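Trainee: Residues per chain are reported as follows:
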Amino acid sequence: MELYNGSLDVKTIFGRWLDEHQQSNYGAYIPFVGIIREEGGIEALSFDIYEPILRTWFEGWQARAAERGAIVKFAHAVGDVPVHTSSYISAVFSPQRRVALELIDAFVEDFKANAPIWKYDVIDGKRIYAEDRSTPMEGAGVLAGSQKGEELGVRN
Amino acid sequence: MITVEFLGPIGKPPMEVEAGTLGELAEALKNVEGVSEWLGTSAVAINDAMTADRNAPLKDGDKVSILPPVCGG
Numbered sequence: 001m002e003l004y005n006g007s008l009d010v011k012t013i014f015g016r017w018l019d020e021h022q023q024s025n026y027g028a029y030i031p032f033v034g035i036i037r038e039e040g041g042i043e044a045l046s047f048d049i050y051e052p053i054l055r056t057w058f059e060g061w062q063a064r065a066a067e068r069g070a071i072v073k074f075a076h077a078v079g080d081v082p083v084h085t086s087s088y089i090s091a092v093f094s095p096q097r098r099v100a101l102e103l104i105d106a107f108v109e110d111f112k113a114n115a116p117i118w119k120y121d122v123i124d125g126k127r128i129y130a131e132d133r134s135t136p137m138e139g140a141g142v143l144a145g146s147q148k149g150e151e152l153g154v155r156n
Numbered sequence: 157m158i159t160v161e162f163l164g165p166i167g168k169p170p171m172e173v174e175a176g177t178l179g180e181l182a183e184a185l186k187n188v189e190g191v192s193e194w195l196g197t198s199a200v201a202i203n204d205a206m207t208a209d210r211n212a213p214l215k216d217g218d219k220v221s222i223l224p225p226v227c228g229g
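These protein sequence lines map, in sequence, to chains A and B.
With the working numbering applied, the first sequence covers 1 to 156.
With the working numbering applied, the second sequence covers 157 to 229.
Rather than coming from a laboratory, the hints here were simulated on the basis of the structure.
Hints may be right or wrong, so weigh each one.
[Unchecked claim] Take a look, some chain B residues computed to stay more than 10 Å from chain A by CB distance:
1. Thr-159
2. Ala-182
3. Lys-186
4. Asp-209
[Claimed, not checked] Listed next, the in silico DSBU-like pairs over lysine-lysine satisfying Cα-Cα at most 30 Å (straight line):
5. Lys-168/B x Lys-219/B
6. Lys-215/B x Lys-126/A
7. Lys-219/B x Lys-186/B
8. Lys-126/A x Lys-112/A
9. Lys-168/B x Lys-112/A
10. Lys-11/A x Lys-112/A
11. Lys-186/B x Lys-168/B
12. Lys-186/B x Lys-11/A
13. Lys-168/B x Lys-215/B
14. Lys-219/B x Lys-11/A
15. Lys-186/B x Lys-215/B
Since we're looking at a predicted model, the values are computed, not measured.
Quick reminder that beta carbons are idealized off the backbone N, C-alpha and C, glycines included.
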């Protein structure tokens, strides 16, 4: 888990991860790169992160990956990230490709839904919460009496 | 007293509240301007551990975090 101020240096981070595991005998390394698209008049996206819970969330994923002989990694930006640059990268290493393909899919989706990160559009220098693209976390609504987990029939 | 912190776009400074459970905290927050409208979609952590249990007990010195809808990546 790596956090950076501003855009990620994608090539350097991916290269370092590859170097770190050159001798680990993994048969598959699947990277994912999230890039800020130019749309809706934005000049950048901006991110807030709550690190203590992000760390706990990621530890859960590391344990799930370890059960399958794999490892997961990610890096994310804090603050403003201009369009056409990267705010988020992740990767899975595993002995075989199938496990890595499945894990990168599940990991990236859960990252979007449950990692404690808040996104803002930056338009004319102003930060506007991306409410329409944001998702209540699992268990949301506990202080209002209706819980997302119950509505979806999910056991916590 | 417990400390309630509001994360991300809620944009409120931390509050000190007397509450023995999350349910009592919900009562204390439901009329707070700038907070109440977030409660239906926010998740909660006690001392950085996520919980969805309205009966979860709170003790003096606990920190409760309110986490509004997220969008990482």
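Trainee: To test your reading of the hints: which numbers does this structure violate?
Mentor: 2, 3, 4, 6, 12, 14
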